[in-house]
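S.K.: Take a look at the letters that make up each chain.
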Amino acid sequence: MTLQVNNISRCINRNWIIKDMSFEVSNGECLALLGPSGCGKSTTLRLIAGLDSPNQGSIFIDNTDITNISPVDRNIGMVFQSYALFPHLNVLENLKLGLKVRGNKQTEIEERVNRILSIMQMSHLVKRRPNELSGGQKQRLALARAMLRQPNVYLLDEPMSNLDAQLREELRPELRDFIISGSKPVVYVTHDQQEAMSMSNKIAVMNEGEIQQIGTAKDLYNRPNSLFVASFIGRPQINTLSIKNNVITAIRPEHIYFNSEGLDCKLSHIEWLGNYQLLFIESKYGLIKMMCSAEQERPEKIKISWNKEREHDFDKKTGKRLNNI
Amino acid sequence: MKIIKIILSFLFLSSFVELDSKLKQNRTKKEAVEVNILMPAPFEESTRNLIKKFNNKNDKKIFVRVIRGPMETETVSDLAISNLILNSNQYDAILVDVTWLPKYATAGWLYPLDSLIDKKKWDSLMLGAKKGNSYNKAIYRWPFVADIGLLYWRTDLIKSPPKTPDELIKISKKLQSTNKVKYGYVWQGRQYEGLSCVFLEIIRGFGGNWIDNENNVLLNTTESLEASTWLTSLIKNGISPESVTNFGENESLQIFKSGDSAFMRNWPYAWAELQKDDSKVKGNVAITTMVAKKGITPTATLGSWGFSIIKTSANKEETFKVIEYLTKRTSQIELFKKYGYTPIDRSIYSNKILNKQFPILKFIKSGLEIAYPRPETHVYAQISNVLQRNLSSIITMQKSPKEGMYDAQSDTLNILDSVGGF
Amino acid sequence: MINLLLLPAFTLILIVFIIPIIRYGWISLHSFSLATNLSLIPNQFANWDRLLNDSRFWVDIYQTTRFAFVSVFLEIILAMIIALTLNKHFNNRGIIRTISLLPWALPTTIMALGWRWIFNAPYGPIEQLIRILGLAELNILSNPNFTWIATVIADVWKTTPFIAIILLAGLQTIPKDLYEAFKLEGGTYFDSFKEITLPLLKPYISLSIIFRLAQAFGVFDLIQVITSGGPAGSTESIALYAYLNAMRFLDFGYSSTIMVASFILLILLILVINLSIYSGKKILSTIKL
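Residue numbers (this note's numbering), protein chains in the order written: chain A, 2 to 326; chain B, 2 to 423; chain C, 977 to 1265.
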């Protein structure tokens, strides 16, 4: 099965929220939609789910045009950012409700629910209401509900954003095992690039309703096609320097090293970050961040350098990539 | 939303605010004795000019402050009672309705006026105006304006008004069948005090009474049965609209004013309303006394307002001076001319100039001569309530006249028994 | 021990609520009327004895309860429709919300006068309409079998917006996500009303029911203005009867008895309703989302 999004646009109150967007996610593939808040990534998800409809363009699942069919008939498993669990129903009822309104037989409902409960190891929680579950359990229930209907496509809207950092790390493998490594296309919305990189096969970086670049995490890191992608991917943020006229030269802090023949600089201050340190260095091109190992010793006279092939050149006006490496 | 609510509640409260600012504004020098009088809103308006005149002369020794009460009679009583029961000493005098007097007097709130009253002045009053001022042989109220139930009729439809109940029905039927008029007769049939007033006139017109001078309750008699049957027949025969059972004074007036009815029972105030430009019967209206069976003197229910001095007042003599001023002959004439208030001084009715100018005086006089007060007992409110409920049941066909009158009689006796008689 | 922070609220409730009720209870065990020169004379349970045998009191209880239940029932249904409508996004929603609250903002006496005019026969708008339709006269205010319906209509008109606002507040606490998740699962509009809206709105609905029942049970000014309790006493409410006894008849002993008795009946009524609404369910867990 393949999810195809062809040239969709969405306009609300004369604002183009989504502009001519296209992408494709095939079976077993996980596409992360990554971008700052308000860039249109959640809207994209809602358009695929059928909770909203595009002004232009079409959406296909497995070569079937689903642009104008009802949400339920698209057979989509969606996990909401808030999990959207029914607060007045217990775990069992939460799972059963959908099957009930779709008119499944009682015996079938029981069987499917029980199977999913044991897969998710939630059988002992069936009587609990959502507010009696932990954050992780809630997420698992939301996943269970999405899986229960054996959907054609999974849509995950910031599924981890309500969890604390530690829990997030713990739950990543779970989410990967249950859904992402399955055989269905998955669209995963997040604003966290680490999450995007670790969970998906490819990433679409979005800004202002447009996809800036689609590619693997490596592609985006090594070869950003615009200044926006370069700045968005990679932490600490990439250095942007004006070395040549009308060109912005970007160099990642981790690609800068000390070189006694390099650029004359002055150390401004240091952030020590455990396994590495971040040096803030004043140069004639402006402030430069340099990342190096925590053990790295600093020379008395700060002089820095970087390999020419690590330079990314962007047009100052359009932000488009100029050099090819 | 909040703003609208604020505006509306402001409008609602503004009457009180107005009152309050008036209180502040009118504070005067300390040497003047302050006299506070509670009046229903319409009277506060009509006496404003007289009060102003009084406060300006009189060497400023007495300063009168009128507290403007609500519009409706019974609501004024509620306000007065809430003050009196707390002994808050807010009022020196209250303008009281005739039906409140026994209740207030029994409660011990009123000061007997006998010692203040000039015998000659008392004798100058119309007979009807003297009624309803005393209780248990003491005078508690000096009359201000008399009110009597009158029968209004249309001079453009008939030459002379009906005298008996049968005639009223006969003439109405004739006028209705010839499509001269939609209804024959409109009156006050709502379950409220007005219904008791209507009934008192009718039951006496049939030769009976509500409670006679020996305090016998006469509701379960042939006459009362005839009277209530007659009222019911007005509705059954379409002489009165079915909706008359929810009519107060105003609803009756609206119908008569629009020219839809040949007769109306109402108080004297209606006369001025019918002379206004929006009245379709202007110039075609006359008044007469209520119908009564042949050989029986008709009755006009007495409704009157008068001033009572509150027992706790510290300035009783000054208060009485104010009352004398407000009720003196010239004040009466002023109020009659401007507002149509029924005068109470006998000499006004014999004044030729006034009679010529206001032909209605003659009819009011004949009404006042037959004015009859409602039962004078401190449980009047209870027994009137019982009568209203049962009459309302009768005219809305919930009870037969016989049943209703029987219940009214026994309920009235129960009330009187429970308080040990009158 | 009473929490010190609760003390001010508790004192307020004590002063404005508990003490008056206790005092009414105490007065109800006395003769306190014109017949006793407005002084309190103990009479054991004479007032209560009279009350139990006073058919007018029991008829008024029936009439008041009928008024309260029918009004509140209609109000809840209409308010639900209005709240669901106002909860949608449409142009000028703010203005329409405000306008729809207007009836509630009007003082009762003023709006009751308006309704008295509307129902008035033969000149009121309703009678005019009926005449245009070629039907017979309705005379709703003159027919003891139907007049109470007129008072219900006036009350529904006035109070529905208030409940609608409570329900609207409730609707707005329900996350949109729930409806969307349910929609993906195949729930229709009706399904989601039944499975999500109603259960999550339950605390708000029961709050409205209890609040409004208590209020409707004490209906006074509306009826005083429209019918004065007539015709044939068919619209007299308990509050009107208590008022007549106190302010018109100056029988404070019996009036207090009526008030205390209706207070007890109201408390019982609310307890029964509470039990039937919350029976066996932990409502708190639904409130704390």
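Check before you lean on any hint, since a few could be wrong.
Listed below are several chain A residues computed to face chain C (Cβ distance under 8 Å; list not exhaustive) [stated by the list, open to error]:
hint	residue
1	S83
2	A85
3	G99
4	I110
5	M123
6	Y277
In short, the hints are calculated from the structure, not lab data. Note that the Cβ used here is the ideal one computed from N, Cα and C, for glycine as well.
S.K.: Does each hint fit the structure? Answer for all of them.
M.R.: Structure-based check of all given hints:
Proximity of A:S83 to chain C holds as hinted, the smallest CB-CB distance being about 5 Å (cut-off 8 Å). Interface restraint check for A:A85: the shortest CB-CB distance to chain C comes to about 4 Å, inside 8 Å, so the restraint holds. With a cut of 8 Å, the hint placing A:G99 at the interface with chain C holds, because the nearest CB-to-CB distance is about 3 Å. Annotation: A:I110 was flagged as interfacial toward chain C, and the flag is violated, the nearest CB pair being 13 Å apart, outside 8 Å.
Checking A:M123 against chain C: minimum C-beta separation of about 18 Å lies over 8 Å; hint violated. Given hint, A:Y277 at the interface with chain C, is violated; its Cβ is 40 Å from that chain's nearest Cβ, farther than 8 Å.
Violation of the numbered hints given earlier is confined to hints 4, 5, 6; the remaining hints are satisfied by the structure.
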